[in-house]
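Whenever a hint applies, use it, and build me the whole structure from the sequences.
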Amino acid sequence: MDTIEKKINELGPALRSLSLQIHSHPELMFEERFAHDKLTKFMSSHGFTVTKHYLGLETAWRAEWSYGKGGRILGVNSEMDALPGIGHACGHNLIAIAGVGIAIAVKAALKKHNVPGKVVLLGTPAEEGGTGKIILLERGGYKDMAACIMCHPTIGPVPNQWAGVKSSLSVQSIEAEYFGHTAHASAAPWEGTNALDAAFLAYTNISALRQQMKPDHRVHGVITGKDTMAANVIPDYTKMTWLVRAPSWKEVEVLRERVLACLQAASLATACKMKITLGKGMYDLRHTPVLADEFAKTMGERYGWVTDFGKNERGASTDFGNITYAMPALHPVFAIPTKPLQGNHTPGFTAAAASEGAHSATLTMVKALALVGFRVLDDEEYFRKVRKSFEEMF
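By the count of the UniProt record's numbering, the sequence shown reaches residue 394 at its end, each step adding exactly one.
Please note that the accuracy of each hint is not assured.
List time: in silico DSS-like cross-link candidates among lysine-lysine, alpha-carbon distance up to 30 Å [claimed, not checked]:
#1 K112 x K52
#2 K166 x K385
#3 K143 x K297
#4 K6 x K112
#5 K166 x K339
#6 K250 x K275
#7 K311 x K339
#8 K226 x K166
#9 K385 x K311
#10 K166 x K388
#11 K250 x K143
#12 K111 x K6
#13 K143 x K41
#14 K214 x K250
#15 K388 x K69
#16 K166 x K250
#17 K311 x K214
#18 K339 x K385
#19 K143 x K280
No lab work stands behind these hints: they were computed from the structure.
Next comes the structure, spelled out in structure tokens:
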């Protein structure tokens, strides 16, 4: 732990600079070119073998370093993308440097203490709606990893020495397009087929469905159309994007069918043609218990932080959920200093993600997670317990 802490303290200023550069240059999903180049250059400068544009994704990357012969592989993730209009309002600049710090600290510990193993840091694009990790998982990016770890900033109690190991909601995205026929809205409305009516009927249908949904289920969406829509023209096209969420993927599959029925009913009622496109399903987070316990113990005993397991609480959704189904994994959240009503996905959180307090909290998380990751590589008995606890979840 002394080795890890020394390395992170040494890296602190450089990580702060890297974080602020990414924060001041926000990029949307699959467009993280600036972050891609900055992060890959940084990892190369620290002796990692870097693969740019990894597995066919322009802004994905892989940085790996190994020591000795044999040993296990530890996976780490760095997110990079921002949100439209409000920049790094989910703190992915902090997630990016957290992954970097963990990987370099584990490298230092492997080398100093003569432990064989490999650390692989993946730069994972498009967490905000693009399911970048799921694409990388399907293409073999996580192959042979013994475990994978990362973290995510959030709001929390005061003082902000708080972390959470909580689950998330599984989610299915649905894109519904309605195709009608234009007509003069006053002179000959009977000649038109109104795609906007279809969208509003679909919205009303789903609003009615919410009365019969379970309290921990969520359905929410938006309506878009053509920029050329005018009030005196029957609209011939609308598009809706919906997110269907529930505590488990099985529950999402059931709720999804009810939502699809609402969308289909609007098509039938208006005589519009409809096209449905389903996005990749994101699963709920399933933290491996032995990894979570080790993290909480370190945070409490070493740094005096409180770790909330919140077993009946669920956050938003993340593509890392699918990784937790595939291998032992851990994805704790941690509090950074924020103002009231300025949580994730607000402009206030964007500002908070650039603060000194947020950086300091991130470095504490990096130290604890690096120790957990190092133990996965170093301690054979511990890893057997990790693997067993993972298998017992399913």
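Hints versus structure:
Of the supplied pair hints, the one linking K112 and K52 holds, its CA atoms being roughly 28 Å apart against a limit of 30 Å. Taken as a hint, the K166 and K385 pair is honoured in the structure, with Cα atoms around 21 Å apart against an allowance of 30 Å. Of the supplied pair hints, the one linking K143 and K297 holds, its CA atoms being roughly 29 Å apart against a limit of 30 Å. The straight-line distance between the Cα atoms of K6 and K112 is roughly 12 Å, inside the 30 Å bound, and the hint therefore holds.
Between K166 and K339, the direct Cα distance comes to roughly 22 Å. Compliance with the 30 Å bound is thereby established for this hinted pair. For the proposed pair K250 and K275, the alpha carbon gap of about 24 Å is at most 30 Å, so the pair holds. This hinted pair checks out: K311 and K339 have alpha carbons roughly 26 Å apart, not beyond 30 Å. With a CA separation close to 40 Å, the supplied pair K226 and K166 exceeds the 30 Å bound.
For the hint linking K385 to K311, the alpha-carbon distance of about 21 Å falls within 30 Å, and the restraint holds. Annotation: proposed proximity of K166 to K388 holds, straight-line Cα distance about 20 Å (limit 30 Å). For the suggested pair K250 and K143, the alpha carbons sit about 25 Å apart, so the restraint of at most 30 Å is met. Note on K111 and K6: the hinted pairing holds, with a Cα-Cα distance of about 14 Å set against a maximum of 30 Å.
Of the pairs offered as hints, the one joining K143 and K41 holds, with about 24 Å between alpha carbons and a cut-off of 30 Å not exceeded. With a C-alpha separation of about 14 Å, the suggested pair K214 and K250 falls inside the 30 Å cut-off, and the hint holds. Proximity of K388 to K69 is assessed by CA-CA distance (about 25 Å); at most 30 Å being required, the pair is judged to hold. At roughly 19 Å between alpha-carbon atoms, K166 and K250 fall within 30 Å of each other, so this suggested pair holds.
With a C-alpha separation of about 18 Å, the suggested pair K311 and K214 falls inside the 30 Å cut-off, and the hint holds. Restraint check for K339 and K385: not satisfied, since their Cα atoms lie roughly 40 Å apart, outside the 30 Å limit. Of the supplied pair hints, the one linking K143 and K280 holds, its CA atoms being roughly 20 Å apart against a limit of 30 Å.
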